[in-house]
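*Asks:* Reassemble the complex: the two chains are provided individually, in unrelated frames, and hints are given to aid placement.
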Amino acid sequence: MALEAQDVYFRYNKKQPWVLEGRSLKLERGERLALFAPSGRGKSTLAMLLAGYLAPTQGQILLDGEPLPSKGVCPVQLIYQHPEKAINPRWRLGRVLEESGSLQEDMLEAFGIERPWLQRFPRELSGGELQRFCVARALLSGAQYLICDEISTMLDVITQAQIWNVVLAEAEKRKLGLLAVTHNRHLAQRICTRMVEL
Amino acid sequence: MNLLEIQDLSVSFRMYGRGLEQTDLQVISGLHLAVRPGEIVAIAGSSGSGKSLLASAILGILPGNAAVYGQMLYKGEELTPQRQQRLRGSEIALVPQSVAYLDPLMKVGPQTGGPAEKRRSLFKRFGLPTQTEQLYPFQLSGGMARRVLVSTALITDAKLIIADEPTPGMSLDQALEALRLFREMADEGKAVLLITHDIDLAFEFADRVAVFYAGTTVETAPASDFKTGPEALRHPYSKALWRALPQNGFTPIEGFQPYAGSLPKGCLFAPRCPYKTEQCIKEVPPVQEVRGGEVRCYHGT
Ligand code: SF4
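If you read the sequences in order, they're chains A and B. Going left to right, the first sequence walks through residues 1 to 198 as our numbering numbers them. Going left to right, the second sequence walks through residues 1 to 301 as our numbering numbers them.
Here chain B stands alone, though its shape is the one from the complex (with noise of 0.2 angstroms):
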């Protein structure tokens, strides 16, 4: 049973321009996405795919002019702006990417929450300072403050862990140690979305990894098909990611994702595609089920 589910979400942000014009930036469309209990999910994807803006949608969180269509499920139950509001920091915990976060005024100890025993042996695990609960947010460095950011969220009793970013600025052993924590809290039944541009570390610790790309999921993958290979996997765009790691060939293909406000009418990735059809440029393809992964392509394979 999934405990979080999302089908064909579509986020778009009203904007006005000069006198009455309007225009609907489309920046999330028809994204599917679940996560079970007891596994890491990984979202991987350049930025502007949309990975950042679905954390703050699942948290209802948006800013006012965004307008948000399809279903979002929790525990198989419609997540509604009420029903955000409530789970949001008791069952759905955000770890956000930016310091600012943090109150500026409170020091990190009380701030951190959770019982203290628990806290201190986070800190701990991290390397962290004991002396770190007594300082303010302002007297952290950037990786110190981010390994706080990551405590956080463990403390709490969230069933549903949603991590931005929680990596960069840590060292490769205090990152590898978030992610082994990660992997602690979802082998006791919690279910974590780890979005990350750092694939590599993603393939290591995730069950699954969704790859991003312009606002939709294109390919929902077990994270072995990434080990194993270009053949092991559905979506053009999935492979291209692959030959463009530097220890997988370095060949990058040409062009860039379209932005919000130009994409293309059919496929996403059409424009750069070398086996795109007629059909592709038409109309959006629809997601398939193939060799256990789900792929938005009509020549995945």
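Only chain A is shown next, with the shape it has when bound in the complex (with noise of 0.2 angstroms):
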């Protein structure tokens, strides 16, 4: 069981460059994966790839050797460095999370996300805590593949490890596959098994 890009290429039309020429990565069930490139390499076109986010020019995302569902929802959940752009602002939090599975007390709690947080909006929240909304839907909406692209970029260190241990101990428990887009290599090397340079 793998998620797979195969000698993927992207540019946006005929006339761009190539913004990702050639790439082929595997990523297995239970395992995470640090991908580490400087910036311009397109690391997050990658992770936008791999989510169906978008379609490769050439090339083809693989999910258990079949191409990713185009119905429902994807089994391959991105989850990006703001969150404040990932949420409807007009929706309060609870709907936002409602919207992907029901709710689950364990995992609020795991979370730290307060019940009255699910009243308020967006903007009433600071970021570290919008991306525990957005870690919590990817989960909630059963996903079998977490891509993390620079997730707590933004957090402060102690946010950041809060985030990252509950990701860490529910990736364990789902057998999840992880991919991990960081510049931070002693992060890295604490949440993966395994890193590939872009």
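Treat the hints as calculated values from the structure; they're not laboratory data. It cannot be assumed that every hint is accurate.
Stated by the list, open to error - Incomplete in silico selection of chain B near chain A, CB under 7 angstroms:
1) S171
2) H197
3) A244
4) P252
Each residue gets a CB set at the ideal place from its N, CA and C atoms; glycine is no exception.
*Replies:* Put into structure tokens, the structure is as follows:
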């Protein structure tokens, strides 16, 4: 069981240069992979391709040997750096979570999501608090793979450790495949089992 | 002698609700900080700890509904609004957090100002191509724009440089180059106030580190103490920051920083502090000198 990028190329249109040229990558269930690269090498693009947010110009993304499903909730979930851009600003946060599955008490507890927050709008919470919602939402949807693109870069180190500890515990419990895009080598060493340079 | 000295600074915002309802949101409370020529003081702390607001308070660019109390001295004299306006951009320069500070209608070269030669050598050190001067801000990538912003401040003859999160979006090499330049500026006798959440880098390049929490300085200590470890630090929150770093255990304390508007009455860290006593909950602890650093804690050691 694996998520795979096979010789993928990507560019926005024919006049633009390649953002990604001939990349391959394999992520197994239960494996945690860190992806490093200088800026401009297409890390975030690869993350979006793997989660089906973008389609490769050439090559393919395979989940257990099949293309990503085009209907229903994608088993590959992407979480990125700016949680405020990933959440509908007009929805109360309780609704954001309900949309992706039933609210699970133990999950709220594990993420330190406090009950009153569910009544609030995104702009009323800090980045760290919102990022908890984005991670919780991805996990509630029953994802098998998590693609984490610099999810703790904008957070302070205590919040970073709080969030990652929950993600790691859930990854272990559910045998998730996890890909972490990060520029922090200490963090990568702490959270991943394998590292790849792009 | 301190170039900038801040004592017991408080900032609050007056918020208007329905009808005649009014509330004051205290965003900075009882903050102390001093910067001497020749040093880099890093300000570390989570977002919402008041770091960027402090920069605005020093420059005198807080919004109109802000009330400022306490004392700010520049070269030993009070920083009045008139003085702030005079010093801003000449003696005190800001590296702003957002690219939105650049004039969108002006090419990068003229906008950066300073003698062309100095500008070119700065751009070169940052790996910015010479043609960058001919571009408009919208043509810059995020990382390029950051490097332009840093150049804009370094090119002035400012004595005090306030850099508000200058490195995100830069590659590690570029971030190190920017910090090396700040270091050089400090070694030439300028003072640098470096606001950052990249605390690893701050420990390497700063002389002292001020730790912010919920709008106040809980500890100011030599940067070397942060490299030594928690036994060298004085405040329970600084120790908690250290222990949460991935290279040092990755163990977070529980809970959240309190919001302006629902601040605890005594020590601001008390709700999360394992060492709190009766006294901590009742009254705000005073700033104390401990082992060559300052700490706001009854039980700081
Ligand atoms: S004053 Fe008390 S509550 Fe505050 S940090 Fe010190 S020991 Fe903890």
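*Asks:* Would you mind marking each hint as holding or not holding in the structure?
*Replies:* Outcome of the hint check:
no.	hint	verdict
1	S171	holds (5 angstroms)
2	H197	holds (6 angstroms)
3	A244	holds (4 angstroms)
4	P252	holds (4 angstroms)
No hint from the list above goes unmet by this structure.
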